[in-house]
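Novice: Sequence:
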Amino acid sequence: MEHIFENVVVKSDYHYYWNPKNKIDEERILLSDENNVTNPRYLCLFLSNTKEKSFFSTSPKTHWVFDNGFKMKKYYDKYVLYDKMLNLYLTCDINYNISFTPEITDAIVIGYLDGYVYHIKPELKLNMEINRLKLKTPEWVLNDNQSCCAIILAAGKGSRLGQMKHLVKINHKTSIENICDAFCMDRIIVSSSSTKEELEKYGTVIVNDVDDRLESIRVGINKAQELGFGYVIIHDVARPNITSEHVNKLLESKSLMAQWCIAITNGLHKLRSLTFEIVDRDQHIELCTPVKIKTELAKYIADTYMNKENRIVWEWINILDVMKIKYDLIYGNHKYLKKLTTQDDICD
668 MEHIFENVVV
678 KSDYHYYWNP
688 KNKIDEERIL
698 LSDENNVTNP
708 RYLCLFLSNT
718 KEKSFFSTSP
728 KTHWVFDNGF
738 KMKKYYDKYV
748 LYDKMLNLYL
758 TCDINYNISF
768 TPEITDAIVI
778 GYLDGYVYHI
788 KPELKLNMEI
798 NRLKLKTPEW
808 VLNDNQSCCA
818 IILAAGKGSR
828 LGQMKHLVKI
838 NHKTSIENIC
848 DAFCMDRIIV
858 SSSSTKEELE
868 KYGTVIVNDV
878 DDRLESIRVG
888 INKAQELGFG
898 YVIIHDVARP
908 NITSEHVNKL
918 LESKSLMAQW
928 CIAITNGLHK
938 LRSLTFEIVD
948 RDQHIELCTP
958 VKIKTELAKY
968 IADTYMNKEN
978 RIVWEWINIL
988 DVMKIKYDLI
998 YGNHKYLKKL
1008 TTQDDICD
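Numbering-wise (our numbering), the sequence shown opens with residue 668 and increments by one.
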């Protein structure tokens, strides 16, 4: 399926690019400093394969000429550009300032069509620009408040499970009891109105009756900030098998975010793919809770990019990648990190 945005073709399945047959292509290829890239609908920017045309602008900061010194190099199922003499890869930041990197993982993804090499803009950046969302690394992420509390998400109705998730019995204890045993710290529990009273003995309870997990997270973060906690550890009541070791590993992390994850061992396939791509499971992980993140950073991301009216991401990690903020991924065991969604999960 294709959507038209003023002479722009957006391919919704794989990547996004300008229609190269449009008459104004040369104006987009040869940009002066006065005609900079400010239009949020600039879905992709072209590099020409001739020395007369430059990338983005003639400014030394963003000037780049595509010549025979650079080659397209395949990296898994994507292509990047690299200098074969210096072994450097072409990259750019969120504001399209050009630079080079020795790390292939930091290179921008490019494609080739009708004589032009073009930058494939990730869907996240595209959505940020279409929605005119700004991105910057706030100074407050460097403050030194290390105090931490737990936010336990227990507002779900458990409709697929057939019972409230916090009441599921694991080793003769309920889910909420098991989780509270693992968290020896202040606890904020996000619940629905119907379960507020029964959960009050486990911590500070706040209510979210909106059936939306990310809204529950935002409510919990706001309360943690109000109480003055520098970090939060967010955990779903649907993952009741964690231990104090999972919490301690997060507390040991010095990064602004640390998250548990599970390696994928089964095969993957993308449904309804128009590109017939082969999905490499080694390039994917399953993100889990608990996750530890700086409170103010979490609030900034949640309010700006995860709010229900203007949501472009569902995970912290997507924005942190764009902001180039380092985080820790901690690999764990499915036995302890699995999520209870149906009765079959309880029986495993």
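By construction, these hints were calculated from the structure, which means they are not laboratory data.
It cannot be assumed that every hint is accurate.
To be verified - 27 angstroms max Cα-Cα, derived BS3-like pairs, lysine-lysine: (1) Lys991 / Lys1002; (2) Lys993 / Lys890; (3) Lys991 / Lys921; (4) Lys824 / Lys740; (5) Lys738 / Lys751; (6) Lys824 / Lys993; (7) Lys824 / Lys1005; (8) Lys741 / Lys792; (9) Lys741 / Lys840; (10) Lys824 / Lys836; (11) Lys1006 / Lys868.
To be verified - Pair by pair, the computed Cβ-Cβ distance ranges are: (12) His1001 / Ser861: 28 to 34 angstroms; (13) Lys824 / Arg978: 34 to 40 angstroms; (14) Thr772 / Glu953: 18 to 24 angstroms; (15) Asp773 / Asp878: 37 to 43 angstroms; (16) Leu996 / Tyr742: 18 to 24 angstroms; (17) Asn812 / Thr910: 45 to 51 angstroms; (18) Met852 / Tyr742: 17 to 23 angstroms; (19) Lys740 / Thr932: 27 to 33 angstroms; (20) Cys851 / Asp773: 37 to 43 angstroms; (21) Ile931 / Lys741: 33 to 39 angstroms.
It should be emphasised that the depicted structure is a prediction, and the values quoted were computed from it without experimental measurement.
Using N, Cα and C, we set each Cβ at its ideal position, and we do this for glycine too.
Novice: All hints, please: hold or fail.
Specialist: Here's how the hints hold up against the structure:
Between Lys991 and Lys1002, the direct Cα distance comes to roughly 32 angstroms. Violation of the 27 angstroms bound is thereby established for this hinted pair. A distance of roughly 25 angstroms separates the Cα atoms of Lys993 and Lys890; the hinted pair therefore holds under the 27 angstroms criterion. About 16 angstroms separates the Cα atoms of Lys991 and Lys921, which keeps this hinted pair within 27 angstroms; it holds. Annotation: proposed proximity of Lys824 to Lys740 is violated, straight-line Cα distance about 49 angstroms (limit 27 angstroms).
Only pairs whose Cα atoms come within 27 angstroms are accepted, and Lys738 paired with Lys751 is accepted, the gap being roughly 7 angstroms. Under the criterion of a C-alpha separation no larger than 27 angstroms, the hint pairing Lys824 with Lys993 is inconsistent with the structure, at around 35 angstroms. For the given pair, Lys824 sits about 18 angstroms from Lys1005 by alpha-carbon distance, which is consistent with the 27 angstroms threshold. Under the criterion of a C-alpha separation no larger than 27 angstroms, the hint pairing Lys741 with Lys792 is consistent with the structure, at around 22 angstroms.
Restraint check: the Cα-Cα separation between Lys741 and Lys840 comes to about 52 angstroms, which exceeds 27 angstroms; the hinted pair is violated. Between Lys824 and Lys836 the alpha-carbon distance is near 16 angstroms, which keeps this suggested pair within the 27 angstroms criterion. Of the supplied pair hints, the one linking Lys1006 and Lys868 holds, its CA atoms being roughly 24 angstroms apart against a limit of 27 angstroms. A beta carbon spacing of about 31 angstroms between His1001 and Ser861 agrees with the range 28 to 34 angstroms that was offered as a hint.
Look at Lys824 against Arg978: about 21 angstroms separates their beta carbons, and that is not inside 34 to 40 angstroms. Between Thr772 and Glu953 the beta carbons are some 20 angstroms apart, a value that agrees with the proposed interval 18 to 24 angstroms. With their beta carbons about 39 angstroms apart, Asp773 and Asp878 fall inside the hinted range of 37 to 43 angstroms. At about 20 angstroms, the beta-carbon gap between Leu996 and Tyr742 stays in the expected band of 18 to 24 angstroms.
At roughly 26 angstroms, the beta-carbon separation of Asn812 and Thr910 lies outside the given 45 to 51 angstroms, and the hint is violated. Distance hint check for Met852 and Tyr742: the Cβ-Cβ separation is about 42 angstroms, which falls outside the suggested range of 17 to 23 angstroms. Checked against the hint of 27 to 33 angstroms, the pair Lys740 and Thr932 passes, with Cβ atoms roughly 29 angstroms apart. For the hinted restraint 37 to 43 angstroms between Cys851 and Asp773, the CB-CB distance of approximately 39 angstroms keeps it satisfied.
Checking the proposed 33 to 39 angstroms range against Ile931 and Lys741 shows it is violated: the Cβ atoms sit about 22 angstroms from each other.
Of the numbered hints stated above, those contradicted by the structure are hints 1, 4, 6, 9, 13, 17, 18 and 21, listed in ascending order.
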